[in-house]
Every structure is written in structure tokens, then in C-alpha cells.
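Participant: First to last, the sequence lines map onto chains A and B.
Numbering of the first sequence is given in this note's numbering, commencing with residue 1 and proceeding in unit increments.
Numbering of the second sequence is given in this note's numbering, commencing with residue 1 and proceeding in unit increments.
Simulated from the structure, these hints should not be mistaken for lab results.
Everything numeric in this text was worked out from a predicted model, so none of it was measured.
Glycine included, C-beta positions come from ideal geometry on N, C-alpha and C.
Some clues are possibly wrong.
[Unchecked claim] Reference listing, derived: stretches of chain B covered by chain A, where coverage requires no fewer than 3 residues with Cβ under 8 Å from a Cβ of chain A:
#, stretch
1, 17-25
2, 45-51
3, 178-189
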Amino acid sequence: MEVLKIATAGSVDDGKSTLIGRLLYDTKSLTEDKLEAIEKTSKQKGYDYLDFSLATDGLVAEREQGITIDVAHIYFSTASKSYIIADTPGHVEYTRNMVTGASTSQAAIILIDARKGVVEQTNRHFFINNLLRVKEVIVAVNKMDLVDFSEEKYNAIKADFEQLMSKRDYAEQKITFIPVSALKGDNVVDKSQNTPWYNGETILEHLEGLDLAAVSNVGTPRFPVQYVVRPKTEEFHDFRGFTGKVYGGELSVGDEVVVLPSMTRSKIKNIYFYDTEYQTAPRRSSVTITLEDEVNVSRGDMLVKVGDLPTIDKQLTATVSWMDTDNMITGGKYIVQHGINKVLAKVDAIEHKIHPDYSGIDESSTSLEMNDIAKVRLKLNRPIFYDRFKNHRTNGSFIIIDSRTNNTAGVGFIS
Amino acid sequence: MNTLTEEIQKPEILHLADRPNANALEHEAIYIIREVAAQFERPVLLFSGGKDSITLVRLAQKAFWPAKIPFPLMHIDTGHNFPETIEFRDKLVEELGVELIVRNVQDSIDQGKVIEETGKYASRNMLQTTTLLDAIEEFKFDACIGGARRDEEKARAKERIFSVRDDFGQWDEKNQRPELFDMLNGEIENGQNVRVFPISNWTELDVWSYIQKENIEIPSIYFAHLRNIFLRDGLIWSAEDDVVFRADDEIVEEQMVRFRTVGDMSCTAAVASHANTIEKVVAEIRESKISERGARIDDKRSEAAMEKRKQQGYF
């Protein structure tokens, strides 16, 4: 079964929860008991419509205050795909949550209120999807029912958004515009009778048609070793299997590889998935690899193909998105977790803050607050093996851990 | 004992992506389980005998083959389990050759740490938390792998894959670590522990389809069988044991039922069903209009029942 992860982005009243509720409702993914609970609570609150946000706002505080605090995950499936929607709130910790949601998604839906058009928030939503290199973006122009399904209005918003597209640094990104009314159900799952001027797909039709291989960011194969399997039983007493997930591209038996950081060369002897051998492991598969030679490999090492070496360095520059209430400061020391590899890091310099709405940079910063995005230079106590985020979404990113609190305080995208 | 060459299956399919059961969620779960083994000193897999924990065990087998699963299983036994589940548990543990730890809610009751609930809706489900937290402290477990899924319940939908619990086992839902890409931050202080949910992103149907495709054995109560039951609040309660309180006017009758979720006998309702094979069960789930936890009596207590239990250290 194919799984597509989608992040949603919208300002407070753009109808994000309604859109998700509509997707669930029209694909018959809301069970009767859940629907009854929503009907009951909507009625209690005196609404004359179904408040689908009740399906996703899971915490007591959220229901009390009518807000979404945290990223919620919503699941639905069709005959051909399973969908996971990361629903991110539009409030204070906005950038942090949106970056988090987008990091695990291959597609994004940006909502625009047809009455308001492209607003400052829209710039931010698009900026973050660009920064995270989400390849497939749907721009849903919502509340079309409130502008009489006006084609002119829709085209004006589309033109405004296209202006924004000229500012991005990600030409491969695909953008699809769809006029919808989430409340009434127009062009969400079913084609609308109210938009005869629109010949494109509905949101679900578009998602169903996506080729998962095409929306994935492909790079060169990287295999960070997670755990070494040594059964030490009689029948497997020489077995040394290197387990991990294949990123970027595929690996095959016979491939000549280099083990980092030792730079030892060997060849892939076997690829196992559970008790079966395969010739080739695709990207994102969790496999066990054995090598032709007795080489010393431990957790944190990386297998790469000969001639495809990443950068091996003790310093790097990255775009950092800060997520902690404690500020990041110049000279501060942190743990950097790059994939599964942990090293100590020192903030060498905060080069400049980046306004996450394409409005420029701010060069006079020495610290970062939560939701800030900045270009940062880091020094590490040991070399790591990295690619530029542009070329490798997995091997080009890292998280920053505050060693005093153990919190995940930020994320970095290597330049 | 098989020899190495006999044990290893040579595939007819060369490319792993072409395997008919290819499943992105499976690769994700195996990755998470391996991170637990690598990042923690004393992990444990919380095993209830239910379908989700049985699925976890299969994933752990896959993660470490040909080695054994490198951590023990632990069952927090309410003493109110379905006998079929216990029988199944013991057989599975023997086959796997892993250690099984059992800690009993009855002991916590006898020690006066918890008080047994009384009345019509009495259940030991809430009491498990104390026994679990004591066991975590006794064995100094730093990571507990559980089979909870985000689609089960809306408070669970907010749960992280690596979810940090404080010394009191409490979940601070408003202060959770962001989880980015595949990176799992398992850094904790002494006394804290992490609850790990490798099948967070699976739905009920994903689990059932997996059990079907992988041909995984599950306890017989998941399949339709004749059972003495009685009806209360529109739910089907088992009347085969005296664990569940039953009033004189609640009449026992025999009906074809199966269990869709298996918890404590006192908090799990059956569903009317004729699905006696895994194929029929999967078809039934696909068509079902009621959610899985619709038959969990423990969730019906209030809209925030799960969130409250989680804050107190529940699974």
C-alpha cells in the first residue's frame, strides 16, 4: 500500500479543519460514532453546521479554547493509497509546527481564503514549503461559495500567487491551483457544478493521481548504520549484519562501497529483509547489509557508493529554524543529531536572520528566538558526512538538541 | 536446527520494492525499533497479547533477524485477561526464545497501592498504570515500546513516536519535542523514560491487513465464536467469567461474536460477527461504520478519558 504524507497550511479562519473534515466525510472515513460525537458537540455549541475541527482537536485545552495546539495526524485511505495528513495550527508556535509537519511530508496543501486572497501568512506558508523542499504543493482557493464562485476572483488570486513563485529557489516544485468550498464540498472529493470554468482535478483526484516516486526527492544512496546484528549462534556465528534505512537512492548486491569515516572499501555481499535475500534495496527500505570483507563498522558509520562521497567536515553552514523557548546564542554549545549520528556543536556565528516571507534578511542578530529562521555557522567536535539539503533531504538535515534540557531545540538545513 | 543456507530464503523477486507486501509503514516501524535498541540501555516491549502488540513482536523479529529480539517482553497482567490471550502469549514467547516479564495488578492491590473499583462498571484497566510504573522503576527500563496508534483516539493523535515521560510516568502533552524527518531524539535524564510507538502511523485496517499478508497467528477470540453474552448500554459484554459484574436483570444469551480489540475483560466489549477467518475480518473492518474504540468501555467514561489516563502514565 502506498502512503502519502501531506502537510496542511492555512491561517486561522481559512477553513483548514473544515477541509480535512470534508476529505474524511466525503471519502467515508469518519465512522458513525465519531460523526455522532461531532454532531452532538456541534449542537451543544449552538452551531448550525458540523464543526469538523472537533475530529482533529484532541486535547481538552484545544476543545475548551477552540484552538489547535499541536500537530495532529489524521488518517484516511482510498482503494489505491493511504493518506496521512499532518494538521498544523496557525497560532503562536506556527513556524515550528509547520516546519515539523512539512519535514515528513511529500505534499502540502496551502489554503487561501478567496475573500482575502494572498495575504502575508500565505507568503510564510509558501516560504516554509520551499525551505523544506516539499515537491508537490496544492494551492486550494477556499470559500469560493462566498465569492459566488467567481472565475475572475480565482484568476486574480492565482496571478498573485504566481508572483510569489518567482521568488522561490526550487524550480522542480510543482504547484497546482484548485478552487474549492470545503464547507459545501466543491472540488474537494467531488467535482463542483458551480465552477464550470474550471476543468482541472478535485483535491482528492489530484492526490490520487500523484506518482509517489515522482514526488520524492531523490539523491545519491546513503546508508547510515543504525545497529550491528551479531547473532553469535552456532549457525550464524560469523554473521555481521549492518542494519539501517537506505536513503536517496537504491543499493544492490555487488555495489562497491566506502565505509565512512574509516574510508575502508568493500563490496555489498548480501541484502536481507527479514529472512529473505534481495538483489536490490530501494530508497527508504529498512534492510540488513553484509559486506564481502571483515571491516570494522559500528553505529553512526555510513556506507556510500565509491565515487559518490558526501562532504566530510567538522564545520558547516545551515539555515536553522529555531523551536525552543530558550534562545539560540552565538557561542552556545549544543548536540547536533545528523540522522542517527550525534556530535557536539558550537555556534560559530549567526550570519543573518531570514524573514520567512521573502522580505529579506536581518544582519544584526546574535541570538535566535523560537520561530526564527537564520543562516548559522556551526563548528563540530567530530566530522559528519553530509550533503547539501538541496541535493539530499535526509542527509542534508539535522536537529539541534539542548543538552541541558534534552529538548529538540531546532532543525538545520545544510547549505 | 537449520543450517544457514537452509534458513535463508532465496527470493524469486530480486528488487525489494517489488515484494507484493511492500509496505512503507513496515520499513518505518523497523527503523524505529532499531533506534530503540541502539539509543537505550534497558528497553522493553509492552506486550498485552492483543493484535497490536503481536504485530510489534513480528516487526521486532524482522528488525533483528537472524539474531533474537534484544529486549524482553513485559505483560502487565490485570488478572482479568481472556484465557485465550494468556495461552497465546506463553506459546509465542517460547517460540521466540525471549524473556517474558509478568507483573500483576493483583499484587498492587494486595500491597494497598491501588484500590479495586466496585460496582457495575468496575475495571482494573486504570489500575494497570500503577503496576506498570512500579515495574519500570523495578527494572530501570528507559524505553517502553507500545502498540498505540494515532488513529485510535484523538488524544493519541497528538502523541510523538518517542514520547518522554517524567519520573512519575506523566505525559506533558503541551510540551512535547518536535519530531523532524526520521530523527528521533532519545536523550533523557536519569529517572525519565520514553514510550515508543513504532506503529503510530498505522490504522486499524493497516494492522489487520498486515496480519493477513504476513500470516501472523492471533488469539482465537479475534475470530467469530459462540459466547455467552449480555447487553448493556448497547454494547455486548462477555458473561463467561465472573470478572464482569452483571445485574440479575441483565439476561445472558448465546451469540456469535468476536472481539475487535482485546483489553481487560472488564473493559472490552464484543461485536456481533460471523467473521471466522482473517479474510472475513479484514473485509468486516473495511466495511465497518463504527470505530475500533467504539467498543472500548474505558473510553466511554468521558470525552477526555484517554488524555487523563495518559497524563497519569497509562500506556
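Participant: Identify every previously stated hint that the structure contradicts and give their numbers, smallest first.
Facilitator: 2
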